[in-house]
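The listed protein sequences correspond, in order, to chains L and R. Everything in the first sequence is counted per the numbering used here, starting at 1 for the first residue and increasing by one. Everything in the second sequence is counted per the numbering used here, starting at 577 for the first residue and increasing by one.
Wrong hints could be hidden among the right ones.
Cut-off 27 Å, straight-line C-alpha distance, at most; resulting in silico cross-link-like pairs (BS3-like, lysine-lysine) [as the list claims (entries may be wrong)]: (1) L:Lys372 / R:Lys620; (2) R:Lys690 / L:Lys403; (3) L:Lys411 / R:Lys595; (4) L:Lys395 / R:Lys578; (5) R:Lys691 / L:Lys395; (6) L:Lys395 / R:Lys623; (7) R:Lys599 / R:Lys645; (8) R:Lys647 / L:Lys372; (9) L:Lys372 / R:Lys654; (10) R:Lys645 / L:Lys381; (11) R:Lys595 / L:Lys372; (12) R:Lys578 / L:Lys381; (13) L:Lys378 / R:Lys595; (14) L:Lys346 / R:Lys623; (15) R:Lys623 / L:Lys372; (16) R:Lys599 / L:Lys378; (17) R:Lys691 / L:Lys403; (18) R:Lys623 / L:Lys381.
The hints are simulated quantities; they were obtained by calculation from the structure and are not laboratory data.
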Amino acid sequence: MGNESEIVKILRDEEKLGKLHSKRKNDYEEVTTPEMSTDGDANIIPGLTTKDISKKIENEELRTLERISRLVFENSAVAITITDEYERIIYWNKYAEQLLGMNKDDLYMKHVNLLYPPEEWSKIRKQNIRRKGMQHHLETKILMKNNELQDVDISLSVLKDQKGEVIGSIGIIKDITERKQIEKALKESEEKFKQLYEKAPIPYHILSPHGEITNVNEKWCQILRYAKMDVIGKPIFYFISENEKETAGSSFFKKILAKNPYAGGHERTFVTKDGEKRIFVIHDFFSFDENNNIKSVHTAMEDITNRKQMETELKDVDEMLRTLNKELERKVYERTVEIENLLKQKDEFISQLGHDLKTPLTILINILPLVKNEVEDKNNKEDCDVAIRNVYYIKNLVTETLKIAEISSPKVTFDIKELNLLDVVNNVVTDNQFILDGKNFKIENHIDEKIIVEADELRLCEIFNNIINNAVKYSGNDGGTITLDAQNEKDVVTISVRDTGIGITKEQLDHVFDEFYKADESRHNLESSGLGLSICRRIVEKHGGRIWVESPGLGKGATFYFTLKLGNKNVYENKW
Amino acid sequence: MKKIMMVDDNVDLTYVVKKSLEKMENGCEVISANRGQECFDLLKEGKLPDLILLDIMMPEMNGWDVFAKLKENTEWRKIPIVFLTAKTDSLSKGFGQIPAQDYIEKPFEIADLKKRIDTILGK
């Protein structure tokens, strides 16, 4: 063992700690001045020289110290290794074996580099610790027996002899796995947060309390089209639209002073590098230091430009629709006026035509009977009758057409009065008595004498006249019965006129009130203009009532109904 | 025989009314005037009728003008007037308080006209 170092020799010759102790003792003797420390005690123990006594005391003290050191060394919760000048492991404590999972065979006289993975060892090497000769702390990894790596904190001290030559080193190795794990977790979470911030789908910036940008995320750069490096350190107001700069500045410092970020978001217009304006809803929150001063302002921004644009577009569309609608309304109004004018023209035309026909009709109606009287020939007299019948037909047509035009005219108002219904009906029946008797018709009148209706008397008579004449016209030659009745419910009176005539088919029911409707188109009936029931409908409707007809079918008669307003209600109700 | 003056621009109508009324039992004599002015010419000639049948729609001078002018004259204003009209709605406002005024709506039958005349003049 010719290459054994001095320290190894010492350790080999004696018990481990003893050797170390003597080495220590020698070192101690060299660095301290025992004479000075024991001077005052020279005569305490007789028979021993002061030097002897002090040596003895020193030895005892050193032994105690040694014991303590040994205990500390052995029981230390850190691993301790000692290497010689050739960097061979020559001593270690229990904990080192435990930490490394190695025993004496694995460690003794092995080069210390076996404890490190090559890359860590080369790092340590670069530090030149032995040459520098100082105590050194470093974090590194060691290689355990099971080839696993362990994070450790190593404190290295260089051992030197009296001449200052390096004779070895002491390494104190601390397991920092747990700390490293915490650090790693922290770093991971920091990284995650950074990623979240950096990759967030919304623009985000961090400002100093003075409004300078300290960081922005990718989305921010993407939307505002700036490179990160171009914006860091610039005031945020630089990026705000010209017309909002001032308010943005004052409101920013106001909230900084108040240490109170705005509760809800607020709108702010930013300008991109290309000069495009983008509108954001800004959400601020502050981060404080330990003295409760604002450390930074964090701002999440919601880009609402497109939404705003859509709103504007919607507004535009809405406006357009409104304009269109107005235009349409105007057109409809114009058309309506046009149609009303045309209808008026039509009415005026019919009216004019009707009136123009009246005078020639008067002439014909009166001259034909004269002619008939003057002709001798019987055949000629019959011809005159044909002419007279047809002239009367034209006369009826003209009169009734003019009546319809008159009823429909908005200018004509009805003279509405409270009328006793039974009186009106009796008058109509009396007026028609001659016709009814001639056709062998019987009237059954069940109308209550107390019923009062609100109606124009002449028009009401016209309704009854038309319906009764209609019943007579559309009956066989054997006569029949006309039954009149009226029922009142609330403030409406429903009047019914039932006949025993030829009846009405289902298809005809819907049309009998139409103008010029005749159940049988082929039947040439000179007595009917085809307007009677149409006149009735218009009169009833102008009274605010309703008219309809029911019939069980052909040959089974028909019942006409119409409604009128009940008049003199109070009197009527009191009577009941 | 009662004397009736008929003022109407329609010569056919005046013809048939004249012929019918004159031929009727208990009939009347009819003088016809085809214009408003002719009516006054006849009146000035001293042909004063017992009743005037007056058409409203006439050229130059309409029925209302004739009516107004008749009422201006103390002698003529006493003559009862029956309007002949195709339109009834404009008549009601024309009458006022002057007595024995009536109208008959076209198309009318001579029998009806005769009844009106008889009512006014008395049989």
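Legend entry - Structure versus earlier hints - violations, ascending order: Numbers 1, 3, 4, 6, 7, 8, 9, 10, 12, 14, 15 and 18, in rising order.
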